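Visitor: Got chain A sorted already, so can you dock chain B onto it with the hints?
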Amino acid sequence: MAELGSARRLPRFGFLLMLLLLPAGSALEEPHHRTNGSATHKKAFPVLDFNYEHVRIPFEISLWILLALFMKLGFHIIPRVSHVVPESCLLIFVGLLVGGIIKAMHDKAPILDTKLFFLYLLPPIILDAGYFLPIRLFTENLGTILVFAVVGTLWNAFFIGGMMFAICQIEVAHLGGVSLLSCLLFGSIVSAVDPVAVLAVFEEIHINELLYILVFGESLLNDAVTVVLYHLFEEFSHAGSVTMGDAFLGVLSFLVVSLGGILAGVVYGIVGAFTSRFTSHSRVIEPLFVFLYSYMAYLSAEVFHLSGIMSLIACGVVMRPYVEANISHKSYTTIKYFLKMWSSVSETLIFIFLGVSTVEGPHNWNWLFVVFTLVLCLVSRVLGVVGLTFIINKFRIVKLTKKDQFIVAYGGLRGAIAFSLGFLLPDDETKHMFLTAIITVIFFTVFVQGMTIRPLVELLAVKRKKESRRSINEEIHTQFLDHLLTGIEDICGHYGHHHWKDKLTRFNENYVKKWLISGERSAEPQLISFYNKLEMKQAMMLVESNSSARLPTFASAASLQNVQPKEAAPRRAIPSISKTREEEIRKILRANLQKTRQRLRSYSRHDLFMDPFEDNMSEVRFRKQQVDMERRMSHYLTVPAKRQETPSVRKVWFEPEHKVHTYDLDDGESPAGLSFRPKPRPPEGVDLVDEDTPQNTNQGTAQPGQEEKLKPSCCLSDPGPNTEEEA
Amino acid sequence: MGTLQSSAGHPLYTELSEKTGFSAEQIAVLHKRFKQLSHNEDILRRQHFDEIPDLSCNPIRSQITEAFFDKRNFSRSNEGKVNEIGFEEFLLVMSHFRPPSQSMTQEQRENVRREKLRFLFNMHDTDNDGTITLEEYRHVVEELLSRSGALEKETAKSIADAAMLEVASISVGHMEPDEFYEGITFEHFLKLLDGFEIESKMSIRFLNVDATTLCK
Numbered sequence: 001m002a003e004l005g006s007a008r009r010l011p012r013f014g015f016l017l018m019l020l021l022l023p024a025g026s027a028l029e030e031p032h033h034r035t036n037g038s039a040t041h042k043k044a045f046p047v048l049d050f051n052y053e054h055v056r057i058p059f060e061i062s063l064w065i066l067l068a069l070f071m072k073l074g075f076h077i078i079p080r081v082s083h084v085v086p087e088s089c090l091l092i093f094v095g096l097l098v099g100g101i102i103k104a105m106h107d108k109a110p111i112l113d114t115k116l117f118f119l120y121l122l123p124p125i126i127l128d129a130g131y132f133l134p135i136r137l138f139t140e141n142l143g144t145i146l147v148f149a150v151v152g153t154l155w156n157a158f159f160i161g162g163m164m165f166a167i168c169q170i171e172v173a174h175l176g177g178v179s180l181l182s183c184l185l186f187g188s189i190v191s192a193v194d195p196v197a198v199l200a201v202f203e204e205i206h207i208n209e210l211l212y213i214l215v216f217g218e219s220l221l222n223d224a225v226t227v228v229l230y231h232l233f234e235e236f237s238h239a240g241s242v243t244m245g246d247a248f249l250g251v252l253s254f255l256v257v258s259l260g261g262i263l264a265g266v267v268y269g270i271v272g273a274f275t276s277r278f279t280s281h282s283r284v285i286e287p288l289f290v291f292l293y294s295y296m297a298y299l300s301a302e303v304f305h306l307s308g309i310m311s312l313i314a315c316g317v318v319m320r321p322y323v324e325a326n327i328s329h330k331s332y333t334t335i336k337y338f339l340k341m342w343s344s345v346s347e348t349l350i351f352i353f354l355g356v357s358t359v360e361g362p363h364n365w366n367w368l369f370v371v372f373t374l375v376l377c378l379v380s381r382v383l384g385v386v387g388l389t390f391i392i393n394k395f396r397i398v399k400l401t402k403k404d405q406f407i408v409a410y411g412g413l414r415g416a417i418a419f420s421l422g423f424l425l426p427d428d429e430t431k432h433m434f435l436t437a438i439i440t441v442i443f444f445t446v447f448v449q450g451m452t453i454r455p456l457v458e459l460l461a462v463k464r465k466k467e468s469r470r471s472i473n474e475e476i477h478t479q480f481l482d483h484l485l486t487g488i489e490d491i492c493g494h495y496g497h498h499h500w501k502d503k504l505t506r507f508n509e510n511y512v513k514k515w516l517i518s519g520e521r522s523a524e525p526q527l528i529s530f531y532n533k534l535e536m537k538q539a540m541m542l543v544e545s546n547s548s549a550r551l552p553t554f555a556s557a558a559s560l561q562n563v564q565p566k567e568a569a570p571r572r573a574i575p576s577i578s579k580t581r582e583e584e585i586r587k588i589l590r591a592n593l594q595k596t597r598q599r600l601r602s603y604s605r606h607d608l609f610m611d612p613f614e615d616n617m618s619e620v621r622f623r624k625q626q627v628d629m630e631r632r633m634s635h636y637l638t639v640p641a642k643r644q645e646t647p648s649v650r651k652v653w654f655e656p657e658h659k660v661h662t663y664d665l666d667d668g669e670s671p672a673g674l675s676f677r678p679k680p681r682p683p684e685g686v687d688l689v690d691e692d693t694p695q696n697t698n699q700g701t702a703q704p705g706q707e708e709k710l711k712p713s714c715c716l717s718d719p720g721p722n723t724e725e726e727a
Numbered sequence: 001m002g003t004l005q006s007s008a009g010h011p012l013y014t015e016l017s018e019k020t021g022f023s024a025e026q027i028a029v030l031h032k033r034f035k036q037l038s039h040n041e042d043i044l045r046r047q048h049f050d051e052i053p054d055l056s057c058n059p060i061r062s063q064i065t066e067a068f069f070d071k072r073n074f075s076r077s078n079e080g081k082v083n084e085i086g087f088e089e090f091l092l093v094m095s096h097f098r099p100p101s102q103s104m105t106q107e108q109r110e111n112v113r114r115e116k117l118r119f120l121f122n123m124h125d126t127d128n129d130g131t132i133t134l135e136e137y138r139h140v141v142e143e144l145l146s147r148s149g150a151l152e153k154e155t156a157k158s159i160a161d162a163a164m165l166e167v168a169s170i171s172v173g174h175m176e177p178d179e180f181y182e183g184i185t186f187e188h189f190l191k192l193l194d195g196f197e198i199e200s201k202m203s204i205r206f207l208n209v210d211a212t213t214l215c216k
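Residue numbers (UniProt numbering), protein chains in the order written: chain A, 1 to 727; chain B, 1 to 216.
Any given hint might turn out to be false.
To be verified - Over the 10 angstroms line for every Cβ pair with chain A, so calculated as not near, a few chain B residues:
| no. | residue |
| --- | --- |
| 1 | 59 |
| 2 | 131 |
| 3 | 166 |
| 4 | 187 |
Unchecked claim - Cross-link-like lysine to aspartate or glutamate pairs, in silico, EDC-like; alpha carbons within 20 angstroms at most:
| no. | chain 1 | residue 1 | chain 2 | residue 2 |
| --- | --- | --- | --- | --- |
| 5 | B | 201 | A | 246 |
| 6 | B | 71 | B | 54 |
| 7 | A | 503 | B | 194 |
| 8 | A | 463 | B | 136 |
| 9 | A | 537 | A | 502 |
| 10 | B | 201 | A | 482 |
| 11 | A | 463 | A | 502 |
| 12 | A | 503 | B | 51 |
| 13 | A | 466 | B | 51 |
| 14 | A | 465 | B | 197 |
| 15 | B | 201 | A | 203 |
| 16 | A | 399 | B | 136 |
| 17 | A | 466 | A | 404 |
| 18 | B | 153 | B | 129 |
| 19 | B | 201 | A | 140 |
Hint data in this document are derived by calculation from the structure and do not stem from the laboratory. Please read all numbers here as calculations on a predicted model, not as lab measurements. Here a beta-carbon is modelled for each residue, glycine too, at the ideal position from N, C-alpha and C.
With the rest of the complex left out, here is chain A (with noise of 0.2 angstroms):
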């Protein structure tokens, strides 16, 4: 298990419970001791005995990891703290505190171990990130993110490194054993911008995607840079100097670090999404898989001194639209939670510990080279910025306003990373003013930055996270677009974003999603996933609220009835159907059924509640009114007689209940009679190709359509009866 640190632990909780449990312990042996007082120096059987040492360290961590809770938990419940000071301040700040109180203890508390946080720490927090990274807008501004990623954050290295050895010469800093090299060290460690630090703060202030995904894109990418900046330095400081073919090598080593951690990533992922085309009958297990094959993938990049943030990043991205479909949903649910929860654990555990290790760690203030480096790391981040926005707006079609650029740099964090690196450097006097630096570096754009950043985003009124309100109209025009722009490229001839981007999707969905979506959902396309998606949303919508008197969102505010044409005559007249085309009917429907129950089994995304299908009362209840929507959403959508071909088919589809219902009503039944039973089958891809149904069927509906209206609970009261029935 992981080392908390240096020889002693924490002891403080666990002296307070000896304190209490001792004199209990001893309270209870004594009875013993005296009944049994003979000459004998046989111990008494303890009854209740006290062994700490046994489980030290899973108590220690555990009481840690409680602590960091507690505090989650308080500061939510005081609210207007946490709305002025983001939470990574307030963790910090306990962090000082619970440090505080230790080192008046004299004893000598945990600090943030490198292997702490690089193996158990970070991942969870980048796992879950890349996980839910929104692709679209990734690769969209994949050019942009780049360029920050790679090229700003070289610029800063050399920058910060350059100027602090400059620094450094000044006979009054009496720094002047601080090589080139170890500057440039320090500064391509301090020069990185932190995702842990940029989640704390960007999540809080809700602001646009596209300022989010280019400030943490940065964060993310930039791993692989600082990964290679950081060895190579560390490599020449050792050897003394620098060549031409030195530089070189450590050119090539970029390329490799970040294509290898990538290749790395997609492998696992692949290999990820492969495993879980066959879990069908292990669902229990399935989140376990996603878990250990990122956490896999990271380690296994981390062996080769490979960008382990890429490869996890890699992974996530890679093997999530295959797991997705081949999961159950509570799978899904169960993965988003504990990524959630771990990586909420592990962000509040850093926090803390970076305050209790700020207290801890041995300390060289110089106030030369902490004031510079501040200053430095600010001025570099701006220049970068506006320099880099510069040449990249030639190249972008919507391009980055100066309030854009503003918020770039000032979201350019530091955090825990810049410090576990410096922690890694040899111990040494040089080290600790290093870490004091890097510190206040942190404490500065944590605090600082951190708090001012809320109130300067309205200020200046940056655009803000737009609700989304994912519309099925959208979402076909998104694909609508995709298609027509790639189309519009290829009269140009003009090899461009989208026409690539379509290569990919032919390629995945031909090739790919055959290899790794078990089923038939791998020959599904992304326009209906979406809808099915959507639907089943408003159908769980329907059985949590658990009256069908309110409409679904998206069909409420119109009148349903409304969508309907003219010419619609509510005539009367009910033809009647055969009875051997009536079976046709019903074996059709029931088959239907069976497919949609299949499709729901494996969609639905959403808050955990009763699996409609593990209760038979709540199956037939969800069906029924699965069913009620449906119908009544697509009651009235019926086109106009006389544009149609073929009335026939169309009808059939729309109202397959209501067939069954007019066949009842044959005998010029009151409307009044919808009420009673209705039939739990949805009305779900009925392809009958049927010429002489009823032509009237149209007109049927507008009838019972409007008694619908006025009875929506009707068929709510009294469960499906069975198909057989029916007469």
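Guide: Just chain B, lined up with the frame of chain A:
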């Protein structure tokens, strides 16, 4: 690129540049492409579009091709279809895909948005009656899904129906029992795709169209 611009072509290009907003270099490159597609004639016909190999796997190719021959896209007042187009019409259709320049005012941006949405609207509204009816919308969805092979017609229909319902609820809100919703008018269409940022999404970079990529 220097060899493309002969002194004779200049006045024509400047006139076109004013009309469509393309720069002279872009027009030159597009002219080259036009000649390539039309086999060095002066007019393009529908079969020239069918000869483009990449376009054949595009699910909405017929609609795209039709858009080029739709008079409504040439100027606002025309209607109907033609069977052949010249370079100017080609450019006019292409100009709908120009990205908005950064120096535009809000009003100009709004105009650009309207134009692009108008183009989309015309693509959907195949019978020129000013509204997108349910049937036309269904056709759109079916075309979109046509590439994926075995498709249940009913699913396409239900998607289109749900979409229409959504439009109705957004545009008209609450309706009286005896009103009905005929189809999506242009105003409703605008309202529907309000947050879509179409001026940046519906753009192609004409800037770096390299002559060498045209050799297809």
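Visitor: Against the earlier hints, flag every one the structure doesn't satisfy and list their numbers going up.
Guide: 1, 3, 5, 6, 7, 8, 9, 11, 13, 15, 16, 18
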